[in-house]
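Q: Each chain is listed here by its residues.
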Amino acid sequence: MDTKVKSVCETCPQFNASGLKKLGVNTNNFDFVVALAGNPNTGKSTVFNALTGLKQHTGNWPGKTVTRAEGGFEYDHQKFKLVDLPGTYSLLSTSEDEEVARNFILFGKPTVTIIVVDASRLERNLNLVLQILEITENAVLCLNLMDEAKRNHIEINTRALARDLGIPVVPTSARFKKGIPELIQTISEIANNKIKCKPHRIKNIPKNIEKAVTKLSLEIEKEYPNIPNSRWIAFRLLEGDTQIINALKTGEFV
Amino acid sequence: MRNNNIEHILKLSKELRWEIGDDFHDSLAEGIYADAADLVSNSVTKDNSKSKLRLDTKIDKIVTSKTWGFPIMFLILAVVLWLTIIGSNYPSSLLAQVLLNDFHPLLKTFASNIGMPWWLSGFLIDGIYLAVAWVIAVMLPPMAIFFPLFTLLEDFGYLPRVAFNLDSLFKKAGAHGKQALTMSMGFGCNAAGVIATRIIDSPRERLIAIITNNFSLCNGRWPTQIVIATIFIGAAVPSSFSGLASLTAVIGIAILGIFFMFFSSWALSKTVLKGEVSTFNLELPPYRPPRFWQTIYTSIIDRTLIVLWRAVVFAAPAGAVIWLVSNIYIGNESVAAWIINSLDGFGFLLGLNGVILLAYIVAIPANEIVIPTILMLTVLVTGISGGHGAGVMFELNSANATGVILKAGGWTLLTAVNLMLFSLLHNPCSTTIYTIYKETKSLKWTTVATVFPIILGFIVTFLVAQIWRIF
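If you read the protein sequences in the order shown, they are chains X and P. For the first sequence, our numbering gives the first residue as 1, with consecutive numbering after it. For the second sequence, our numbering gives the first residue as 1001, with consecutive numbering after it.
Hints in this document: simulated from the structure, not taken from any laboratory. Just to be clear, a hint being listed does not mean it is correct.
Unchecked claim - List of simulated lysine-lysine pairs, DSSO-like, C-alpha gap at most 27 Å:
id, chain 1, residue 1, chain 2, residue 2
1, X, K215, P, K1011
2, X, K222, P, K1011
3, X, K150, P, K1014
4, P, K1058, P, K1046
5, X, K150, P, K1061
6, X, K249, P, K1014
7, X, K215, P, K1014
8, P, K1046, X, K150
9, X, K21, X, K194
10, P, K1046, X, K207
Claimed, not checked - Here's a subset of chain P near chain X, in silico, CB distances under 7 Å, partners left out:
id, residue
11, T1045
12, D1047
13, K1108
14, P1285
Stated by the list, open to error - Pairwise CB distance ranges, derived in the manner of DEER restraints:
id, chain 1, residue 1, chain 2, residue 2, range
15, X, R159, P, K1061, 37 to 43 Å
16, P, S1240, X, F176, 22 to 28 Å
17, X, E99, P, N1005, 22 to 28 Å
18, X, K215, P, I1076, 57 to 63 Å
19, X, K109, P, I1255, 49 to 55 Å
20, X, E99, P, R1469, 20 to 26 Å
21, X, R159, P, V1079, 46 to 52 Å
22, P, D1201, X, N208, 31 to 37 Å
23, P, W1082, X, N192, 54 to 60 Å
Glycine included, every Cβ here is placed at the ideal spot set by N, Cα and C.
Bound conformation, chain X alone (with noise of 0.2 Å):
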């Protein structure tokens, strides 16, 4: 009999995390690209670490991360390629680490991107969080430095959350190594199309604005059918951002 009803211990991640892998720089042949964004000092190197198993320097001070750092961990036979990004608070100047992060999200296309953010800082963070679900569709935001916010009394309904960005919101404190198989599970969830997200849009836009953006993405996708992110790219038109232009010329980021 084939059909064996799974034990209850079987569906639990902290179970399945013996099954992960970390494959420190090899990185070959992976199945899946997850990019790692969020604020300075959010602890996205740790969770990069905690992940891969390498040992990307740490430390409490924000920009340390001052190269894309790649690694790699294997979860259920499947291959994921990591790449840590630079911190950023947010996507919408064009300072070069900003550029490398947003570039990545936009043309790396990753197949999840988790956001790591500070979950006593949650407001100002989610700054950058709604700006990345304007590109990406496939996140999971890592509600990280839980042990911080706890000592801060802070308290987060991460199931209102999650519905409200319309992704998994997964609860860590990356330091002391907690939540990551739920991280890890989530990840490969999204990966493999049994979590589908549907991300928040940007909602408190003057209605001048938010129709001149409609106009102009529902032209996008008239040539480009299949683009996730057409309302950004209407976003960036209306500033008139030349790097996304070149971009659309050339069809870069479908």
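Since the structure of chain X is provided, determine the placement of chain P on it from the hints.
A: Coordinates of chain P only, in the frame set by chain X:
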């Protein structure tokens, strides 16, 4: 590459931009903030009465205050150095005992038993093995203490506060405030400090940070400072103060290095690297209690052993060279003696001697081997017995015995002071030079970064020697 017809899209976007006016960017940003506020109000509850953030603010008020900021910084530096100096004494002499006094004779006996020719055993065991053993004995303990302490401070969140305190000084020097962070990294290793300058966006300010990083006294130079300060400066005062005096001398040199860093940053920004100081935001992150054992473990594995391995890789060929120059003869003189004699006159001008200058040439690959090279060469020139003979690097267990040899070699307090100054002000090690080249991709700036400190070193030691001799 496809070239799609998107002219109609661009045209439409231009029309729409006209329609919605130029407050689009602000409206979008405001929209995002409003959304974020909505989301947070739905899911986050916060008990403001008990916030720990207030404790952070209290700590910051003290450690970044005008009155206490600098004293606390120097106090922390002093404590870290004191722990490093005191703590590494015992393991260093233990390692020296095992690797040099016990294991070295065993190797020699083994070599003669299997009939190895004298030149081969000399080259391999007295040259290469001893160089490597000395570097391990001298470098491993201070690094294994210094790096973890530094990492604990880093994880706690103190470094950005240092940057905050020093920001106005850097601004006055025409440099970037984040240079405080790369300078701090340089106290561990200059090559690491040079790589860390990538956090500075402006190319002009980044170059300043790269060129002046060498003035952060790196780990390879701490042992030289400590040994010389203990022998000469500690001995110049009553014995109950000798520990304090040598610690003060070493910290003095480190602070002098910071002074030279500011001075040369200022000089560069007023001359060849003119330009505006860029402004930046540096967030003061929350203090985080470091994970003590994990930090100790990773900083020993990641930093200490990697840096030590580098030192070993460079020490091995250097040991071979030292042995060769001491044992190859031109006429009646070894090559080493010949070079030392020709450098002596110039060395005297600088308040140093030929031995020290030759040692620095041999030790370009790794600053760590300066002291053993000096000792070995001094024995060779003065012909006093006490070590293992010509071309053999050794360490005498007590600082006293080392002092006897150096004094026999004509060393005075002036020689010691100038050696400490010269150890601070000379060319970066070869790894750092190579790193500078990789980071700047410019032969010109690599040369500047290499030659500039050594010229400064010549000037400073020359002036000190002349003034010293007048009094």
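Q: I'd like to know which numbered hints this structure contradicts. Please list them from smallest to largest.
A: 3, 10, 13, 16 and 20
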